[in-house]
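Please build the complete structure, drawing on both the sequences and the hints.
Protein chains in written order, with the numbering used here: chain A, 1 to 497; chain B, 1 to 497.
Everything labelled a hint here was simulated from the structure, so no lab data went into it.
A portion of the hints provided could be inaccurate.
For chains that are exact copies, the list does not tell them apart, and a pair is met inside one copy or across any two.
Simulated pairs of lysine-lysine, BS3-like, Cα-Cα distance not exceeding 27 Å [as the list claims (entries may be wrong)]:
hint: 1; residue 1: K495; residue 2: K445
hint: 2; residue 1: K113; residue 2: K263
hint: 3; residue 1: K113; residue 2: K445
hint: 4; residue 1: K263; residue 2: K194
hint: 5; residue 1: K263; residue 2: K153
hint: 6; residue 1: K294; residue 2: K76
hint: 7; residue 1: K263; residue 2: K291
hint: 8; residue 1: K437; residue 2: K278
hint: 9; residue 1: K153; residue 2: K291
hint: 10; residue 1: K153; residue 2: K278
hint: 11; residue 1: K294; residue 2: K77
hint: 12; residue 1: K294; residue 2: K263
hint: 13; residue 1: K278; residue 2: K102
hint: 14; residue 1: K113; residue 2: K294
hint: 15; residue 1: K278; residue 2: K110
hint: 16; residue 1: K102; residue 2: K85
hint: 17; residue 1: K86; residue 2: K76
hint: 18; residue 1: K102; residue 2: K45
hint: 19; residue 1: K495; residue 2: K437
hint: 20; residue 1: K194; residue 2: K437
Keep in mind the model is a prediction, meaning the values are calculated, not measured.
2 protein chains.
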Amino acid sequence: MYFHLVGYFNTSAPANQADADIAALIGEANETFLTKGAPAGKGAKILNFRIEDQKIHIEIESDRYVRAHDAILRFKKPLAALLGKKYRIGIRGIEIESFVVKFPSNDPVKSTKIPYVSNIEFDGQEITVEMEINESQIQNRIPDRIITLIEDKIAMQGYGGKEEHWNLLWESEQKQVLCTEDPTAELLKESWIKHGAARGQWIYGPEITRLFRAFESIVVKEVLEFLGYREMIFPKLVPWSVWERSGHAKGVYPEIYYVCPPKTRDPDFWEEVSDYYKVTHEVPLDLIEQKIDKPIGGLCYAQCPPFWHFLQGTTIADDTFPARVFDRSGTSHRYESGGIHGIERVDEFHRIEIVWMGTPEQVVEESERIQERYKYIFEEILELTWRKAWVTPWFMAQEGLTGTAGRKSVGTIDYESFMPYRDGWLEFQNVSVNGDKYPTGFGVKSQSGSELWSGCSGVGLERWASALLAQKGLDPDNWSPAFRRIVGELPRGFKFL
Amino acid sequence: MYFHLVGYFNTSAPANQADADIAALIGEANETFLTKGAPAGKGAKILNFRIEDQKIHIEIESDRYVRAHDAILRFKKPLAALLGKKYRIGIRGIEIESFVVKFPSNDPVKSTKIPYVSNIEFDGQEITVEMEINESQIQNRIPDRIITLIEDKIAMQGYGGKEEHWNLLWESEQKQVLCTEDPTAELLKESWIKHGAARGQWIYGPEITRLFRAFESIVVKEVLEFLGYREMIFPKLVPWSVWERSGHAKGVYPEIYYVCPPKTRDPDFWEEVSDYYKVTHEVPLDLIEQKIDKPIGGLCYAQCPPFWHFLQGTTIADDTFPARVFDRSGTSHRYESGGIHGIERVDEFHRIEIVWMGTPEQVVEESERIQERYKYIFEEILELTWRKAWVTPWFMAQEGLTGTAGRKSVGTIDYESFMPYRDGWLEFQNVSVNGDKYPTGFGVKSQSGSELWSGCSGVGLERWASALLAQKGLDPDNWSPAFRRIVGELPRGFKFL
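In structure tokens, the structure reads:
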């Protein structure tokens, strides 16, 4: 990587008389603090300087070890000391005239509007990025973020898109196949479910709701009460500030349902909308669009981020750890791809979200305990054909990243169930160790100051139902005796003519 | 009310030769079908006509009994019969040149943009409304809807705004006051709750979540299982089509959280948003606004409307009735007025919604049974100071209407609890008989064809908690023994330093 920067220091008076001293300082800088910390022969170098009126122009080039924009900041302090003490001249600030970064690459980077980037070119070997920045952007690390962004784009393109990492960890025995039908088609035929009025949304009748509640009671008894979890209620409307801290603001945009409040709740302001509807029986969307605010955030996507606001900026007593909580208080929403996925992939779904935190050791151990409990449920109660795999961590996937977290103990395990009707597998829940991501993102500390990690696991009720019904069908006689006992007698649904 | 209409029939050829026959038909019409059904001396009258090229101009005036725009439609058929048979001339349609309606009123109507209304004036005694309409608007009942709208506005202004009807039905004994503090302040002090990151939103810690679940278990055992209710899962994102059928599209706009989907989930389309955030660490709201669709609806407001889509357009077997279902699967959201309301009035809340339907007798009886069960809970288990009152039905209030439904058995009972800290009352739940509104709105029929009614009752968990904690405080020792037994030992929350 190559950096080239042309800029100048604004001075309170012409600095011509300091010419020789500045030349000497540059000579020294190039030998010392502009290469400090870099391997031998690496670092930044001030190529030349020129004094013109109240400006000291300089040209810097560098590699990645001391970046040119950092070099100009590093040079400011000793220059100010020199000019101030000996010449009574102050530095008023730095202006950047030209800043260019070159990245080796086999491919051009997909062109997009990046803030502060005025031009991107590719010559077959290198990507050249020109930025328009000033001192405050350098101080705010804007050039570094742009560089990381472009490096990520190059890496992602080399990687071949968003393919997930996947590595089998365990596979159950193949249980007897008792059904080869698509469970959604069966559910519709029996009126256990109906399409909701919105995209990817279902309305669940009494029979399948009983199934959902049976799953919930299993998770509560066999996982949550067994391991000592306490129920909380997490918010379901998620404002930007939460997604900024959770990392979702980096990449979740294509899949969220955005939420906009009215500009005001003054009925007079809305009267023309009501009047329009009452007269035409059509909702005036163009008019409404003018009367609502920009989105304040979106509907619950991942379920745990808004919980962390409860702990944001706090220090927690050590004897609280490992802390164990869960939430089952509402819906999650994702703008999924269209087409026919039935209840296997929906825009509105129901999930029990389990969160734990403590020392790294506690968090990893808890993940193992939870995995044991799940194994017990899937083997001894539901008798499913299932497997688990080490995959791209969910928090990376949701930020648009691929690969793994790079630490052996941090990452996501996906649980998959066999779907006989399509001879494939369905991801139906996960268990993740998220490292220090959330405690750090939300500024949560432990009393002892020791490192704080967290983990989470999402149990999707639609997915559990899909897994069970795809393997066993809707007839309770084909369900395991243990599960049938928990479900009890199915309630009678509506009888349609 | 006075109507005046000037318009013409387009004819396939000049109708001058039919002049005498038309005059005779008008004379007959004014005596017969333009006054049919109206009290003596009332109805519509065609004042004159004039044939010009291929147009037959007419002028009509009327009162409210046969409205002038209906009169011109009524006149079309016999005119067409006359011209067609005897003169082989066809009628090509009706055009309206001028249409004016006058309403007696003491006040001007609040001016607003009403579709098809070109002018509204007030002379101190009458409101004069000019409309620009054509034949298809008359057929679609647009003028009638405008007239109803303006009559409602006049009535509402006379009524003095949106005051609710309120009529005490029953009041409990005053129980011992054990707390005079604001429960929200106490909950915050004890870290049982914290503000969520969004407006009017709370995050509920383990202690109060246990309280919510205790309320839920009471409702499940003492109301829902006792009376034979079956749980369902109602959708929580509500598209316009549901609110059109439920009536909410008439007036709920000031208080809903609107939901907008992305225009596409193509990651390339969203890349500049992600890039902008990654570089600046600011979410680019202006850019996002361009990349999302108009609102498709909003977040759950009233909880039962999206359930009705399950039954929409169906005929239900008679032995299903009375049908009893409930939902507790997620959050409701209202854009409430700002200021300090604590957990008593929130933008995001949790409610058990109970719905029943059947014959009018069944629905009214069920309402009484439910009221008995609630009384048992509030008297024998929670030991609250409470009362109930007959109020403006919720479905009318949410359409912006006041008063009562006008039928003795149709309407809403609000439950209110005494709040010692502010010496006032808090509405904490309701029971409603909604008449045939929902079965009719969603096209649901019974097998026998007999009238179908429905009722609903919403149990707000935040409101129940506010009621209990305001009267008894946070110390379980002050709660009734029966309730303490149901709650069990409170779980330990987080310990913050």
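Hints, one by one, checked against the model:
1. For the identical chains of this complex, K495 and K445 are inter-copy neighbours only, at 12 Å across copies versus 56 Å inside a copy, given an alpha-carbon limit of 27 Å.
2. Only between protomers do K113 and K263 lie at most 27 Å apart by alpha-carbon distance; the minimum there is 19 Å, versus 30 Å within a single protomer.
3. Neither within a single protomer nor between protomers do K113 and K445 lie at most 27 Å apart by alpha-carbon distance, with minima of 38 Å and 56 Å respectively.
4. Proximity of K263 and K194 under a CA criterion of 27 Å is satisfied inter-copy only: 26 Å between copies versus 35 Å inside one chain copy.
5. Taking identical chains as interchangeable, the C-alpha atoms of K263 and K153 lie at most 27 Å apart only when they sit on different chains, with a minimum of 23 Å there against 38 Å within one chain.
6. Neither within a single protomer nor between protomers do K294 and K76 lie at most 27 Å apart by alpha-carbon distance, with minima of 41 Å and 50 Å respectively.
7. Taking the closest pair of Cα atoms, K263 and K291 come within 27 Å of each other both inside a single copy (6 Å) and across two copies (20 Å).
8. Taking the shortest Cα distances, K437 and K278 sit within 27 Å of each other only across copies (17 Å), while inside one copy they are farther apart (51 Å).
9. When the C-alpha separation of K153 and K291 is checked against a cutoff of 27 Å, the pair qualifies only between copies, where the shortest distance is 22 Å, while the shortest distance within a copy is 38 Å.
10. In the homo-oligomer, the alpha carbons of K153 and K278 lie at most 27 Å apart only across protomers (12 Å), although the nearest pairing inside one protomer, at 51 Å, exceeds that limit.
11. Taking the closest pair of Cα atoms, K294 and K77 never come within 27 Å of each other, the shortest separation being 43 Å inside a single copy and 52 Å across copies.
12. For a Cα distance limit of 27 Å, the shortest separation of K294 from K263 qualifies both inside one copy, at 9 Å, and across copies, at 15 Å.
13. When the C-alpha separation of K278 and K102 is checked against a cutoff of 27 Å, the pair qualifies only between copies, where the shortest distance is 20 Å, while the shortest distance within a copy is 61 Å.
14. In the homo-oligomer, the alpha carbons of K113 and K294 lie at most 27 Å apart both inside one protomer (21 Å) and across protomers (24 Å), since each shortest distance falls under that limit.
15. In this homomeric assembly, K278 and K110 come within 27 Å of each other (Cα to Cα) only across copies, at 16 Å, whereas the closest approach inside a single copy is 49 Å.
16. In this assembly of identical chains, K102 and K85 lie within 27 Å of each other by CA distance neither inside one copy nor across copies; the values are 38 Å within and 88 Å between.
17. Taking the shortest alpha-carbon separations for K86 and K76, only the intra-copy value of 16 Å comes in at or below 27 Å, while the best inter-copy value is 102 Å.
18. In this assembly of identical chains, the alpha carbons of K102 and K45 lie at most 27 Å apart only when taken from the same copy (16 Å versus 86 Å across copies).
19. Taking the shortest alpha-carbon separations for K495 and K437, only the inter-copy value of 21 Å comes in at or below 27 Å, while the best intra-copy value is 50 Å.
20. When the C-alpha separation of K194 and K437 is checked against a cutoff of 27 Å, the pair qualifies only between copies, where the shortest distance is 22 Å, while the shortest distance within a copy is 39 Å.
Checked against the numbered hints given earlier, the structure breaks hints 3, 6, 11 and 16 and satisfies all the rest.
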